[in-house]
Amino acid sequence: MNSGVLQAINGISFAALLFLLASGFTLSFGLMRVVNMAHGAYYLLGGYIGLSITRYTGSFALGVLGGGLAIIPIGYLIDRHFIRRTGENHLAQVLLTVGIAFVIGDVALKIWGGDNLKVPTPIELRGAIELPGGIIYPTYRFVLILFGILVGLSLWLIYHKTQIGAVVRAGVDDRETVSAIGINIDRLFVLVSAMASFLAGMAGVVGGAFLTLYPGAEWEILIYALVVVIFGGLGSLEGAMIGALIVGLLDAYGRWLLPEFSYFVLFGPMAILLLFRPQGIFGRES
Amino acid sequence: MGSYRIVLGLVALAAALLAPLAVGQFWMTLITQIYIYGLLALSVDLLLGHAGLYSLCHASFFAIAAYTTAILQVRHGVPTLLAAPAGILAGTLLAILYGASVRTRGVYFILITIALGYIIWGAVYRWASFTGGDNGITNVPPPSIGSVTVASQTAYYYFALAVVLLCALGYRILIRSPFGLSLRGIKASESRMRSLGYRTTKHLYVAFVISGAMASLAGVLYVYYNRFINPVAASFQISVEVSLMAIVGGSGTIIGPFLGSGIVLGLRNWVSSFFEFHAAVMGIVFIATILWAPHGIVGFFSRLHARGAKTKTAPP
Chain A
1 MNSGVLQAIN GISFAALLFL LASGFTLSFG LMRVVNMAHG AYYLLGGYIG LSITRYTGSF
61 ALGVLGGGLA IIPIGYLIDR HFIRRTGENH LAQVLLTVGI AFVIGDVALK IWGGDNLKVP
121 TPIELRGAIE LPGGIIYPTY RFVLILFGIL VGLSLWLIYH KTQIGAVVRA GVDDRETVSA
181 IGINIDRLFV LVSAMASFLA GMAGVVGGAF LTLYPGAEWE ILIYALVVVI FGGLGSLEGA
241 MIGALIVGLL DAYGRWLLPE FSYFVLFGPM AILLLFRPQG IFGRES
Chain B
1 MGSYRIVLGL VALAAALLAP LAVGQFWMTL ITQIYIYGLL ALSVDLLLGH AGLYSLCHAS
61 FFAIAAYTTA ILQVRHGVPT LLAAPAGILA GTLLAILYGA SVRTRGVYFI LITIALGYII
121 WGAVYRWASF TGGDNGITNV PPPSIGSVTV ASQTAYYYFA LAVVLLCALG YRILIRSPFG
181 LSLRGIKASE SRMRSLGYRT TKHLYVAFVI SGAMASLAGV LYVYYNRFIN PVAASFQISV
241 EVSLMAIVGG SGTIIGPFLG SGIVLGLRNW VSSFFEFHAA VMGIVFIATI LWAPHGIVGF
301 FSRLHARGAK TKTAPP
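Note that the protein sequences, when read in sequence, are chains A and B.
Residue numbers for the first sequence follow my numbering, so the first one is 1 and each next one is one higher.
Residue numbers for the second sequence follow my numbering, so the first one is 1 and each next one is one higher.
The following block holds chain B by itself, in its conformation from the complex (with noise of 0.2 Å):
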């Protein structure tokens, strides 16, 4: 089992650093984007498969850390070193501000994290005059530090990957750890950790901020890739398309939200070739994902794997 996974990762990670080689241009920034969506994803995920909380306002964070990011750069001229580190800034302090709702729980932590969500997208899009409205900011340049610039979009789609496996790796850490233990332990029994004197909303409330940091992240990732950034990006319907990727591609796991990201986007882009319908294909997903394959294409093999395992060491 375990090097049947390491050779699995193996063939992965060759064919992601492959890619670029194999495939054309189109194919490359369809999959920096699953990347960096997928890392959007992945941190709603810290929140919904690790800690049992179902956040829909992880869009703000992503698009602040996107917006300050490329205000910087694109107004004021402030270089990426300066300008990428404050746009996570900017979105880890909203999301410190916005940590205080995980003193709710359940239905009521949804419908607050979507109001909250509902805030910095009225912000962006009605401030036209700091946020440039509907338009959003355009122009902003590829990331450069020093004389080095990430021109190319090769060049970039390695950036997204490097960017993208230490995250994987600093998550494995952290769902390891026992802070990591202690979030599953808040999910599946929450009075049982507070009696053996976990204080779980502090637990919880850091996490809700690391997987703020995380989003932010990836907003960054996602503005210099764009080159643009308007409030679709801050818009109820990406946190909830980056929710479903977490659960379509498998919740409670770190491949998961990239394969789901991958299935999303994918989707989307081969559908909306030949079919003008394509929000109500989203739709078709969605409601196929919640009632047949609640726990994801990750879930779908494991308990496949399982049931393969068990035939094998059943007695004849």
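Looking at chain A on its own, in the form it has when it is part of the complex (with noise of 0.2 Å):
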């Protein structure tokens, strides 16, 4: 019983991360038709450097958010050099992104060597809570689901009740008939796409301090944002929520009882998914 319910913990918490990574994911895909494999290298160079940062001011906070920030300009230049120029085409979308991928994680691996790394957490968050029923659980993953939520909730407001939000929508719905209005479409791409960099920039740094960073890293958490916005619906904020929550808990609880087929609990329920519903939960008809 314990245990069952400390899956759900684990489950849960690993959704706030996903949901981190996912939602940069969802929302480019949904705007600017892109998809980047290079989604996860983002991730692992993002958590690289905030955990350079942390050693270097000793302040995870800053880790955090400067992982998040460095990788703003890298998306940025990614996106306007290279994959604006594949158009729609969404093989060439693929193959150029993973190629991108192999040359960060490259690069990675020369600057911060091959060993695992743990991002160093502050010492408020190294310790464990005893919940009601006698279970303990650490205090990190505890926060690192409130930040979820937090972060969630945030995007949530931004995307329904701001103005932005409101084209941002628009965007996703008709983007001819936006930029025929006469909004800077184009400037909307930069700024969901900074915004994407950021999530997942930081995820690596909050993913880091308790997945640890290693070489391949990329690979294991792109494919979990992956199947996060496929259950989800690509380019939706709320299945990007929902997504994260399902796999979350699918992979804790099939790590749990099938340890040998975890991947096939993860992936078995989404293939079958696809087949009867390919737009996902909250996707659309395209």
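Don't take every hint at face value.
To be verified - Some chain B residues near chain A, calculated using beta-carbon distances under 8 Å:
#, residue
1, Y54
2, I114
3, L116
4, I290
None of these hints come from the bench; they were simulated from the model.
Quantities reported herein were computed from a predicted structural model and do not represent experimental measurements.
Backbone N, C-alpha and C define an ideal beta-carbon position, used for all residues, glycine too.
Starting from two chains that each stand alone, build the complex the way the hints lay out.
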């Protein structure tokens, strides 16, 4: 019973991390029709940069912020000079951004080496909390859940309650009309892609504090993020939230109950969902 | 034009037949590998270049076939004559199952095939008690039929060459058949083909299964060449790399995927001999191909050729 609850918390905290990565991915697709497979590399690079900042300044918060901020210009350049040139050819985008991820991964390997590195967390987050029922759980992952909810809530408010959010939603629906009525859609693209880069970089630092950072982590996390957006529906923010919860929980219970087949527990339901509802739970017919 | 291509083909064939006499062991094994990956790239290109579907799960068929053959041969002592067809059958069965993905199109097809590919990678990697996990399955014996064993590298070179040539021939017949034409029709405009009365999804499904069977054959060739198999064979990176091979060489042609395989494997071998960043170099090849050579080598030369022909016929 207790371990069942424990797995649920594990799953939810992983979901919080996945949401950070998947929300940017899904909005980039929704607005710009871009499938960016370098998103995992942004996560890893942001994590490594945040790690160095944390080591240097001793502040985890600065590391999280810096890891996110550092990815913004990198993401911008990649978007402008590479991805933009593929138009809407999704295969070209996939191959191109996989290539970019290879380059980033190799550069990161050269700088930070091949060992598992853990982002140091502040002393207040290192302990454990005792829950009613005698379950002892690491503080850090609780804080992560709260952080995920905070980010999700702010994104939701921006998306649904502000002027910018309204324009982005309109752009997801019909970008030709949006630019025809005089809105600078290009500036909107830059904004959304900066936000996606920031969230991915930040996720790297946050995730690096409990999953550690190592060469190859970029692909592992990317595939989870992909499954999240497939479950939720490409281009949908709510979908990313629900998708992250589904994937986080499936993964936690899968690893616990069927360790050798945990990938199947994750991908099997997804494949079945895709066959009958390819646009995901919240996605719309294209 | 026709005779020029026949001459070129004959020269290539003669070069392939004589290569083992002219080059050393290293080059011969590299060329064998180029044939095998070229066959895998060709299988991907049946979907990519003819049907317009971007599959990124072909490493799965390749790996399942290779694992099946390896497990049967190594653990159960099943002879090649049964183990090899069983491997192809296993990969093809997986393709029959995964073929359901042709119900989707465009970006959803890409994403579903990535995810389907990860199922197999996860299975061979994590189900260590059966697949050997990270270490994979080692000591696969050379293929033998009755008392004849294809033991030497030279013999295996000719064996692989023969299989690949037969496949290329079958492939040529397939893509020139009405079925091949219908695939290209679907690529050009699926809605028009449907309104002409074609059951397009069924055509794509058949193409997917044939393509999966070819990838399985490549997997069996690979496991006997490599003598061991590990989860890398099932990885997403392999699926991406073979798509790149098809594109670099020239998608929609037969020679293209083999040229692409030669370029990618040759470059990787060459670069890794003096440069430790070989993933970055591969990444740069990906980027450069997509940005500057989306039609590949064959596309480049045929455009050059077309331009030459145009200037020849143009009035002075």
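Hint check results:
1. Y54: Holds: closest Cβ of chain A sits about 4 Å from Y54(B), inside 8 Å.
2. I114: Hint on I114(B): holds, closest Cβ of chain A at ~6 Å, below 8 Å.
3. L116: Since chain A brings a Cβ to about 6 Å from L116(B), closer than 8 Å, the hint holds.
4. I290: This interface hint holds because 4 Å falls under the 8 Å limit.
Checked against the numbered hints listed earlier, the structure breaks none of them; every hint is satisfied.
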